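*Asks:* Residue numbers (the numbering used here), protein chains in the order written: chain A, 1 to 89; chain B, 1 to 388.
Be aware that a few hints might be false.
Said to hold, decoys possible - Below, a sample of chain B positions facing chain A; criterion: calculated Cβ distance under 7 Å:
| hint | residue |
| --- | --- |
| 1 | E15 |
| 2 | I18 |
| 3 | R20 |
| 4 | L22 |
| 5 | R30 |
| 6 | V31 |
| 7 | R32 |
| 8 | F304 |
| 9 | R369 |
Source of the hints: derived by calculation from the structure; they are not laboratory data. All of these numbers come straight from a predicted model, not from anything done at the bench. Idealized CB from N, CA, C, for every residue including glycine.
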Amino acid sequence: MSAPALEWLCDLSERTPRVTSIGNRSLLVENYHGIREFTAERIALDTRCGCVEVCGSGLTLSQVRRDALVIEGSIRDVKLPCAEAEHES
Amino acid sequence: MNRDIRLRVEGSLLEKLIQRALREGARFARVRRAGPRAILVDADERSAAILQKLCERFWLDCRVLRRGGWAALADALRRRWTLAPGLALCALCCALFLSRVWLVDVSFTGPSAALGDERAIRACLEENGVAVGMPASRVDAELLQSELLAEAGDYSFVGVRCQGVRLLVEASPEVPAPKVYDLGYARDLVAARDGVVESVTVRSGHAAVQPGDTVRAGQLLIRGEEDLTKEETTPVGALGEVTARCWYEGRAEGALAETRLRRTGAARVESALRLLGFSLPLQECESFASEQVETQLLPVGGLFLPLEICRRAHYETAPVRVEADREQLKARLISLAEADARARLARDGVRWELAEMWTDAEVEGNTLRVRAVYEITTDIAVTRDALN
Chain A
1 MSAPALEWLC DLSERTPRVT SIGNRSLLVE NYHGIREFTA ERIALDTRCG CVEVCGSGLT
61 LSQVRRDALV IEGSIRDVKL PCAEAEHES
Chain B
1 MNRDIRLRVE GSLLEKLIQR ALREGARFAR VRRAGPRAIL VDADERSAAI LQKLCERFWL
61 DCRVLRRGGW AALADALRRR WTLAPGLALC ALCCALFLSR VWLVDVSFTG PSAALGDERA
121 IRACLEENGV AVGMPASRVD AELLQSELLA EAGDYSFVGV RCQGVRLLVE ASPEVPAPKV
181 YDLGYARDLV AARDGVVESV TVRSGHAAVQ PGDTVRAGQL LIRGEEDLTK EETTPVGALG
241 EVTARCWYEG RAEGALAETR LRRTGAARVE SALRLLGFSL PLQECESFAS EQVETQLLPV
301 GGLFLPLEIC RRAHYETAPV RVEADREQLK ARLISLAEAD ARARLARDGV RWELAEMWTD
361 AEVEGNTLRV RAVYEITTDI AVTRDALN
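Model the full assembly from the supplied sequences, consistent with the hints where possible.
*Replies:* Below you can see the structure in the form of structure tokens.
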């Protein structure tokens, strides 16, 4: 069995953060650990890999659960620390 | 996840508070920033309770801004406890109202609906105990139908239905028996009035006219005989219809100019003092050859003394010729002539259909004469007995 075929299993076991964007109005964040900062312009979420930052305007949290939430509003920028770390390495 | 309750939480480190509530099992439908130190949280009742408990523990200000769903309904009902009994009372009143008959309608159907006697039906209903306000459960529709059929007159059908608060009685009066002709009784059909024959329908006998013929009143239309053989005939009662075009005239006339008396302006006044039957002239004058007189009574003695001054004003008049408005007069005469023609039609009592109608007017001297003609089609065949 090839390595890419087992990636979904890796996601499950390691609880890697997953960010799904629907246009620029809605962003689903799964597997987050906590809310570091929450304002109408910036939302920062703690994840296993680091901090996921979402910038925009009129940002709100909806469908807030312990492991997933949806960020709504006019989303301008999303920063993913894991990707940055990979790029830096 | 519903959003029954909206909370406003004020304080610092609100992100931590949210995280703590999530760890304790809360879920939030929506979280919004309401200021640098405030958030608005929409949550269900359980999650709101968790959040409120945490706020209480950490000395944070937490207020309920809006409450919806079943909890809000329960709260509203607790606040307005009279609502439920009121609704129940209203429902009871509605049930009481709707369980009674408040309207009794009588309608007639069928070809002889005009022959129905509503008063007789209502009288019969009253005799059977039907009245406005009676309980609908006491209305026995079948029994009422039977009673009405037996007592209320000649009806071929009577239906009684209870529709909510309305009792509907539908009755179909009996169709009057058609006139029966004795075929063995020999008689002819003749024209009831002058006209031009349009169609001839013979059910018994021989036609004596054909479409297009002009007939006079009393002229033979259908001869009452049947052929037994080529040479031999037998008398029968003639039956059939002869539709003809007939004319009915109505007339009216009016004067184009009339003479009226108009005051010339000259006036004379006489007066007299009157008490009961006695009269004392105060001022006298002569009458005009043509005049109008106006009398005024002026009481001078008060209520208990019938003393009065009778003042008579004489106005001289002269005859003046006044021309009538010809168009107005004509319109008025046309309507009068039409009414006259319709009255003649009604007087003859025939069933007719209007084929055409026209009016004409003529001036003769000082008189405007208007004639309205109704051209109708009607059955003109009648027996000689009916003609006489």
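*Asks:* Per the CB criterion, is R369 (chain B) less than 7 Å away from chain A?
*Replies:* Because about 90 Å separates R369 (chain B) from the closest Cβ in chain A, which is outside the 7 Å limit, the hint is violated.
*Asks:* Quick check on R30 (chain B) please, does its C-beta sit within 7 Å of some C-beta on chain A?
*Replies:* Where the cut-off is 7 Å and the nearest Cβ of chain A is about 5 Å from R30 (chain B), the hint holds.
*Asks:* Verify the interface restraint on E15 (chain B): the C-beta must sit less than 7 Å from at least one C-beta of chain A.
*Replies:* This hint holds: E15 (chain B) lies near chain A, its Cβ roughly 4 Å from the closest one there, short of 7 Å.
*Asks:* Does the nearest C-beta of chain A fall within a distance shorter than 7 Å of the C-beta of R32 (chain B)?
*Replies:* Because about 5 Å separates R32 (chain B) from the closest Cβ in chain A, which is inside the 7 Å limit, the hint holds.
*Asks:* Does R20 (chain B) meet its interface restraint, that is, does its C-beta lie within less than 7 Å of any C-beta in chain A?
*Replies:* At about 10 Å, which exceeds the 7 Å cut-off, the nearest Cβ of chain A leaves the hint on R20 (chain B) violated.
*Asks:* Regarding the hint that F304 (chain B) lies at the interface with chain A, is the smallest CB-CB distance below 7 Å?
*Replies:* Violated, about 99 Å.
*Asks:* When the nearest CB of chain A is found for V31 (chain B), is that gap smaller than 7 Å?
*Replies:* Holds. Min distance 4 Å.
*Asks:* Can L22 (chain B) be said to touch chain A, with a Cβ gap under 7 Å?
*Replies:* With a minimum Cβ separation of about 5 Å from chain A (threshold 7 Å), the hint on L22 (chain B) holds.
*Asks:* Does I18 (chain B) pass the interface check with chain A, least Cβ-Cβ distance below 7 Å?
*Replies:* Result: holds, 6 Å to nearest chain A Cβ.
Violated hints for the displayed structure, listed by number in ascending order: 3, 8, 9.
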